[in-house]
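As a plain string of letters, each chain reads:
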Amino acid sequence: MTAGRFALRVIGFALFVAIVVYLPFRISDFRASEFALIGIYFIAILGLNVLTGYTGVISLGHGAFMALGAYTTAILVADHGMRDLWTIPLAGLLAAAAGAAFGLPALRLSGPYLALATFGIAVATPIVIKKFDGLTGGSGGINLFEAEGITGLPEFIVTLPGGKVLSFNDWLYYLTWTFALALFAIAWAIHHSRFGRSLRAIRDNEIAASASGIWLASHKTLAFSISAFYAGVAGSLLAISAFSVQPGAFPVDRSIALLVGLAVGGLGSLAPLAAGAAFLVFLPQWAQDISKAPGVPAVIYGAVLIALMILLPLGVGGLLRRIMGPLTSRLYPRS
Amino acid sequence: MRVLGVIALALAVSTGAASARPTADPGLNSSEIVIGGTVPLSGIAASYASVGRGAEAYFKYVNARGGVNGRKITYKYVDDQYNPAQTVQAVRQLVQQERVFAIFNSLGTEHNLSVRSFLNATKVPQLFVGSGATTFGRDYRRYPYTIGFLPSYIGEGKVYARHIVKTKPNAKIAVLVQNDDYGKDLLAGFKSGLGAKRKNLVAEQSYDALSTDVSSQIARLRSSRATVLLLITTPPFAIRGLVAANRLGWRPQVYVNQVGSATNIMRIVAATANPRIIEGAITLISVKDPLMPRFRSDKGMALYRTIMRQQLPRGDVNDGFHVYSMAVAYTFVEALKKAGRNPTRASLVRAVANLNLRSNPFLLPGVVVKTSSTDHFPLDQGQLQRWSKNQWNPLGKVVSAR
Amino acid sequence: MADVLQQVVSGIASGGVYALLALALVLIYRSTGVLNFAQGEMAMFSTFICWELLDRGVPYWGAFFLTLAISFVGGVLIERLVIHSVSRSQALTVVTVTIGLLILLNGAAAWIWKGEQRTLENPFPSDTFEVGGVVIAAQDLGIIGVSLAIVLVLWAFFQRTRVGLALRAAALNPESSRLHGVRVSRMLALGWGLAAVLGAVAGILVAPTQGSFDQNLMLPVLIFAFAAAVLGGLDSPIGAVVGGVVLGVVLNLVGAYIDFFADLRLPAALLLILGILLLRPNGLFGRSVVRRV
Numbered sequence: 001m002t003a004g005r006f007a008l009r010v011i012g013f014a015l016f017v018a019i020v021v022y023l024p025f026r027i028s029d030f031r032a033s034e035f036a037l038i039g040i041y042f043i044a045i046l047g048l049n050v051l052t053g054y055t056g057v058i059s060l061g062h063g064a065f066m067a068l069g070a071y072t073t074a075i076l077v078a079d080h081g082m083r084d085l086w087t088i089p090l091a092g093l094l095a096a097a098a099g100a101a102f103g104l105p106a107l108r109l110s111g112p113y114l115a116l117a118t119f120g121i122a123v124a125t126p127i128v129i130k131k132f133d134g135l136t137g138g139s140g141g142i143n144l145f146e147a148e149g150i151t152g153l154p155e156f157i158v159t160l161p162g163g164k165v166l167s168f169n170d171w172l173y174y175l176t177w178t179f180a181l182a183l184f185a186i187a188w189a190i191h192h193s194r195f196g197r198s199l200r201a202i203r204d205n206e207i208a209a210s211a212s213g214i215w216l217a218s219h220k221t222l223a224f225s226i227s228a229f230y231a232g233v234a235g236s237l238l239a240i241s242a243f244s245v246q247p248g249a250f251p252v253d254r255s256i257a258l259l260v261g262l263a264v265g266g267l268g269s270l271a272p273l274a275a276g277a278a279f280l281v282f283l284p285q286w287a288q289d290i291s292k293a294p295g296v297p298a299v300i301y302g303a304v305l306i307a308l309m310i311l312l313p314l315g316v317g318g319l320l321r322r323i324m325g326p327l328t329s330r331l332y333p334r335s
Numbered sequence: 001m002r003v004l005g006v007i008a009l010a011l012a013v014s015t016g017a018a019s020a021r022p023t024a025d026p027g028l029n030s031s032e033i034v035i036g037g038t039v040p041l042s043g044i045a046a047s048y049a050s051v052g053r054g055a056e057a058y059f060k061y062v063n064a065r066g067g068v069n070g071r072k073i074t075y076k077y078v079d080d081q082y083n084p085a086q087t088v089q090a091v092r093q094l095v096q097q098e099r100v101f102a103i104f105n106s107l108g109t110e111h112n113l114s115v116r117s118f119l120n121a122t123k124v125p126q127l128f129v130g131s132g133a134t135t136f137g138r139d140y141r142r143y144p145y146t147i148g149f150l151p152s153y154i155g156e157g158k159v160y161a162r163h164i165v166k167t168k169p170n171a172k173i174a175v176l177v178q179n180d181d182y183g184k185d186l187l188a189g190f191k192s193g194l195g196a197k198r199k200n201l202v203a204e205q206s207y208d209a210l211s212t213d214v215s216s217q218i219a220r221l222r223s224s225r226a227t228v229l230l231l232i233t234t235p236p237f238a239i240r241g242l243v244a245a246n247r248l249g250w251r252p253q254v255y256v257n258q259v260g261s262a263t264n265i266m267r268i269v270a271a272t273a274n275p276r277i278i279e280g281a282i283t284l285i286s287v288k289d290p291l292m293p294r295f296r297s298d299k300g301m302a303l304y305r306t307i308m309r310q311q312l313p314r315g316d317v318n319d320g321f322h323v324y325s326m327a328v329a330y331t332f333v334e335a336l337k338k339a340g341r342n343p344t345r346a347s348l349v350r351a352v353a354n355l356n357l358r359s360n361p362f363l364l365p366g367v368v369v370k371t372s373s374t375d376h377f378p379l380d381q382g383q384l385q386r387w388s389k390n391q392w393n394p395l396g397k398v399v400s401a402r
Numbered sequence: 001m002a003d004v005l006q007q008v009v010s011g012i013a014s015g016g017v018y019a020l021l022a023l024a025l026v027l028i029y030r031s032t033g034v035l036n037f038a039q040g041e042m043a044m045f046s047t048f049i050c051w052e053l054l055d056r057g058v059p060y061w062g063a064f065f066l067t068l069a070i071s072f073v074g075g076v077l078i079e080r081l082v083i084h085s086v087s088r089s090q091a092l093t094v095v096t097v098t099i100g101l102l103i104l105l106n107g108a109a110a111w112i113w114k115g116e117q118r119t120l121e122n123p124f125p126s127d128t129f130e131v132g133g134v135v136i137a138a139q140d141l142g143i144i145g146v147s148l149a150i151v152l153v154l155w156a157f158f159q160r161t162r163v164g165l166a167l168r169a170a171a172l173n174p175e176s177s178r179l180h181g182v183r184v185s186r187m188l189a190l191g192w193g194l195a196a197v198l199g200a201v202a203g204i205l206v207a208p209t210q211g212s213f214d215q216n217l218m219l220p221v222l223i224f225a226f227a228a229a230v231l232g233g234l235d236s237p238i239g240a241v242v243g244g245v246v247l248g249v250v251l252n253l254v255g256a257y258i259d260f261f262a263d264l265r266l267p268a269a270l271l272l273i274l275g276i277l278l279l280r281p282n283g284l285f286g287r288s289v290v291r292r293v
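Chains A, B and C are the protein sequences, given in the same order. The opening residue of the first sequence carries number 1 in my numbering; numbering runs sequentially from there. The opening residue of the second sequence carries number 1 in my numbering; numbering runs sequentially from there. The opening residue of the third sequence carries number 1 in my numbering; numbering runs sequentially from there.
It is worth saying that the hints were derived from the structure and are not from the lab. Heads up, a few of these hints could be off.
Under the rule of at most 25 Å between Cα atoms (straight-line distance), these lysine to any residue pairs were calculated in the SDA-like manner [what the hints assert, rightly or not]:
no.: 1; chain 1: A; residue 1: K292; chain 2: B; residue 2: A64
no.: 2; chain 1: B; residue 1: K172; chain 2: C; residue 2: V134
no.: 3; chain 1: B; residue 1: K389; chain 2: B; residue 2: A271
no.: 4; chain 1: B; residue 1: K184; chain 2: C; residue 2: K114
no.: 5; chain 1: B; residue 1: K197; chain 2: B; residue 2: G43
no.: 6; chain 1: B; residue 1: K166; chain 2: C; residue 2: D263
no.: 7; chain 1: B; residue 1: K184; chain 2: A; residue 2: D289
no.: 8; chain 1: B; residue 1: K184; chain 2: B; residue 2: K123
no.: 9; chain 1: B; residue 1: K370; chain 2: B; residue 2: A271
no.: 10; chain 1: B; residue 1: K299; chain 2: B; residue 2: P365
no.: 11; chain 1: B; residue 1: K197; chain 2: B; residue 2: L210
no.: 12; chain 1: B; residue 1: K72; chain 2: B; residue 2: G43
no.: 13; chain 1: B; residue 1: K76; chain 2: A; residue 2: D289
no.: 14; chain 1: B; residue 1: K76; chain 2: C; residue 2: D263
no.: 15; chain 1: B; residue 1: K337; chain 2: B; residue 2: V317
no.: 16; chain 1: A; residue 1: K292; chain 2: C; residue 2: D214
no.: 17; chain 1: B; residue 1: K184; chain 2: C; residue 2: V134
What the simulated footprint calls covered on chain A by chain C, stretch by stretch (three residues with Cβ under 8 Å from a Cβ of chain C suffice, anywhere in the stretch; the number is not a length) [stated by the list, open to error]:
no.: 18; stretch: 99-112
no.: 19; stretch: 259-269
no.: 20; stretch: 274-286
The structure presented is a predicted model; accordingly, all values stated were derived computationally and were not measured. Virtual Cβ for every residue (Gly too), placed ideally from N, Cα, C.
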């Protein structure tokens, strides 16, 4: 890409970073924990985008990779006294390995069969976790609250020069968003790399891609692996922020939610996926605020989701592209 | 980022003194006390939503009569969709944003476990947990701000075991158990209560809450030639288990755990399968059941029906969870009265650990709510009931369920 | 031996339940190419409609067929109002819409019928027969019988009628079909309507087997139905039935006789299906699609 466009991108990213850093100073303490959760979902959805957005594979099972990451962190911190921060990349790597292990045989399956195979994994995950209760603590899960390796605790309060008090929720926020921004930059790099272009070629036309020399097996498996890595990191952060893991925290709903977040954010986009993450965190609450009568929040949520997909089939990212398209083409008449 | 953590910790140590908080507890002012909790209002466990609604109705009734010491009780219960990760988020919101005085009546074993450490560390009372898991009463020294309500599952299991040992000391026993901590707890209590007769338990089958039927498990249990069947199941699986047993022509002596034995559930079994499958079935209950005819002219149930009519007219009067939650709400109100004119979180916790209530209108006559410094199980009694002629009838006296 | 046979028999019985919903999934996939995650909830909603009619005094068979008619209309409406607008979008958008529909229908049922346990009449007699120590219920035979009948009807419909042919054509190649005079959008609406009818049959027959039901009736069944459909081949009605039966029997035998898997029934079955898919990537009876460049 041209130097001009690259510079624009860097400025955009810097702005994004600035907003992220500054936000906790403008929002309440509790809201910071909600935005931390948005950061976590953002990471998972970024990963899912590498798989679905670039290779077209629909996965309904990424909650399982999140669970793997979460339990990796929990077991390492609670049973092996490891510091929680170090477990985060480890959780990602373990999930990545699982992603590769699943990705390879999954190559044999096409579209709906693969999607349903991943669905099966998501369904099986809580049951398998409960079975191996010696390792996972069974239904009750693992409690991290009193573990030595936990860095941030609720009593943790820091007063900055200038008067702002940083609380535990702010710590969580900065922790998750540091990872989110780093992984976002990596996702951006992937998008613009040769690897990313090959992936998109696979999505658009598998046969043509294969004919032009792209080795489908390695690319698809790597895409699976990368997306699982992201999900594993997200799961690990979830365990740290909740101080606990349980099998009940990873029902099928979680995998489905990731897919919903991806669709709302916009397949193939990057930054707009944060909007998808925000949707996942805020809409259920907003629906409950409107009414607590049985079933009504679900009706609201479902209706809003359907309406969004009808109006914005390509998500928020698609909308932004439609708006920005005419604008940027005016700035760069030759592209 | 590790560096950030270290710097932050260093600053925290040096500025720790500056973080002294004001002494008044949040969620309390002269006219109102705000409490919160989590209940599954949607999703697979949505049938337990009445646990929140019944308590809310009772508080509205109390508020209409002036509240407690001039304060109205505002009970904010939030949907956690029966997902412990959501419970964590919701409780954080209740404590940090809604600034509730206490967490009350939250449902679910793993759900309450997931927030117990947090609540105790931040000294927020976690009252009358909606779970019979023994840890909530047994581990009070470590978690003094947490207390349960129901008799422990282990205690309940022991009661069934003792009754079987007394009445059918040589019978072979089969158990259908739900595959999670609640099931394991009750089963452990049952096995422990069998004592020397432990080998009479000849077959055990478990099921996952996502199953659609348990006919395979029941078939396996039947093939063990057991003559006693214990169901450690939630209501839908109590129904399916009994329907399956009936279909196979198996007529064991049935024991059903409290969670799954409400009268309306039993009547569904009688209607769908055959009344004879549950004739003579036995359960342990502590809370009055709205469909028990002997309580038709009972004052407590009259009060229940009045409150339902006035405060929750669209609710199902026959849903026993409404009665349970009113029993819990009643206990909370009494504890709040004991906590003083200007209660603090600490005084409320002290009051809750020193209860002696003999006239909770929603509990079986003879069942008392009693806690002390060594007893953190508010309810540890129940009465066995035998099913006969389409209703539960008392079997023996109120017994200990510890 | 009788015990093993009993497990097999009850596996076939539960398999019939999965097959009924799987048939609706297969129909919708075959006629519109969509994986309808809301199929179970649509079936559940139809079941509640039937209950409502019965509650108001409509005789059983009247309520049954009226529910089928209402469900047909409902399916068509959903396709026209919701699916049609996104049918040209990417697969992810369509899947997300069906997920939204799932959530909405579940909530609507909870709202309208308040989440209380309801019971539905059983159209089959409640007799049981005992053959060689194995108990077989008339209800289970009835469900399997209905599933097989539906397979036959679908086969005749797809293979022997013009409408069926048009439906298949519209799903496989909309552009070509249009050129041949097929009203593609009408076919899609028809496909959804018919699938809704099948779903309603599934719901009405399954509800009595569960004793009582509420808005969560179909959620676990959907999982098994998808597994059955995938195992049998997503475009094969007979595959849905065979898949359902195999799934039911395997679940029972594995759970009852292999101790390690007693708590892992569903994962074990899913693993098995995954294994079979690796050998036959389109399911047992599915047809592999040859892609032309």
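Against the structure, the hints:
1. This hinted pair checks out: K292 of chain A and A64 of chain B have alpha carbons roughly 22 Å apart, not beyond 25 Å.
2. The suggested pairing of K172 of chain B with V134 of chain C holds, with an alpha-carbon distance near 22 Å, which does not exceed 25 Å.
3. For the suggested pair K389 of chain B and A271 of chain B, the alpha carbons sit about 13 Å apart, so the restraint of at most 25 Å is met.
4. With a CA separation close to 31 Å, the supplied pair K184 of chain B and K114 of chain C exceeds the 25 Å bound.
5. At roughly 41 Å between alpha-carbon atoms, K197 of chain B and G43 of chain B are farther apart than 25 Å, so this suggested pair is violated.
6. Restraint check for K166 of chain B and D263 of chain C: not satisfied, since their Cα atoms lie roughly 32 Å apart, outside the 25 Å limit.
7. At roughly 37 Å between alpha-carbon atoms, K184 of chain B and D289 of chain A are farther apart than 25 Å, so this suggested pair is violated.
8. At roughly 30 Å between alpha-carbon atoms, K184 of chain B and K123 of chain B are farther apart than 25 Å, so this suggested pair is violated.
9. For a cut-off of 25 Å, the pair hint linking K370 of chain B to A271 of chain B is broken: about 39 Å separates their Cα positions.
10. The hinted pair formed by K299 of chain B and P365 of chain B meets the criterion: a straight-line CA distance of about 11 Å does not exceed 25 Å.
11. Distance check on the hinted pair: K197 of chain B and L210 of chain B sit about 33 Å apart at the alpha-carbon level, beyond 25 Å; violated.
12. The hinted pair formed by K72 of chain B and G43 of chain B fails the criterion: a straight-line CA distance of about 31 Å is larger than 25 Å.
13. About 12 Å separates the Cα atoms of K76 of chain B and D289 of chain A, which keeps this hinted pair within 25 Å; it holds.
14. At roughly 37 Å between alpha-carbon atoms, K76 of chain B and D263 of chain C are farther apart than 25 Å, so this suggested pair is violated.
15. Distance hint between K337 of chain B and V317 of chain B is unfulfilled; the C-alpha atoms sit about 28 Å from each other, more than 25 Å.
16. Proposed proximity of K292 of chain A and D214 of chain C is supported: the alpha carbons are some 19 Å apart, at most 25 Å.
17. Distance check on the hinted pair: K184 of chain B and V134 of chain C sit about 31 Å apart at the alpha-carbon level, beyond 25 Å; violated.
18. With a cut-off of 8 Å between beta carbons, the stretch 99-112 of chain A has 6 residues touching chain C; three or more are needed, and the interface restraint holds.
19. Chain C is given as covering the stretch 259-269 of chain A, and this holds because 6 residues of the stretch bring a CB closer than 8 Å to a CB of that chain, at least three being needed.
20. As drawn, the stretch 274-286 of chain A meets chain C at 0 residues by the rule of a beta-carbon pair under 8 Å; below three, the given contact is violated.
In the structure shown, a violation is registered for the earlier hints numbered 4, 5, 6, 7, 8, 9, 11, 12, 14, 15, 17 and 20, in ascending order.
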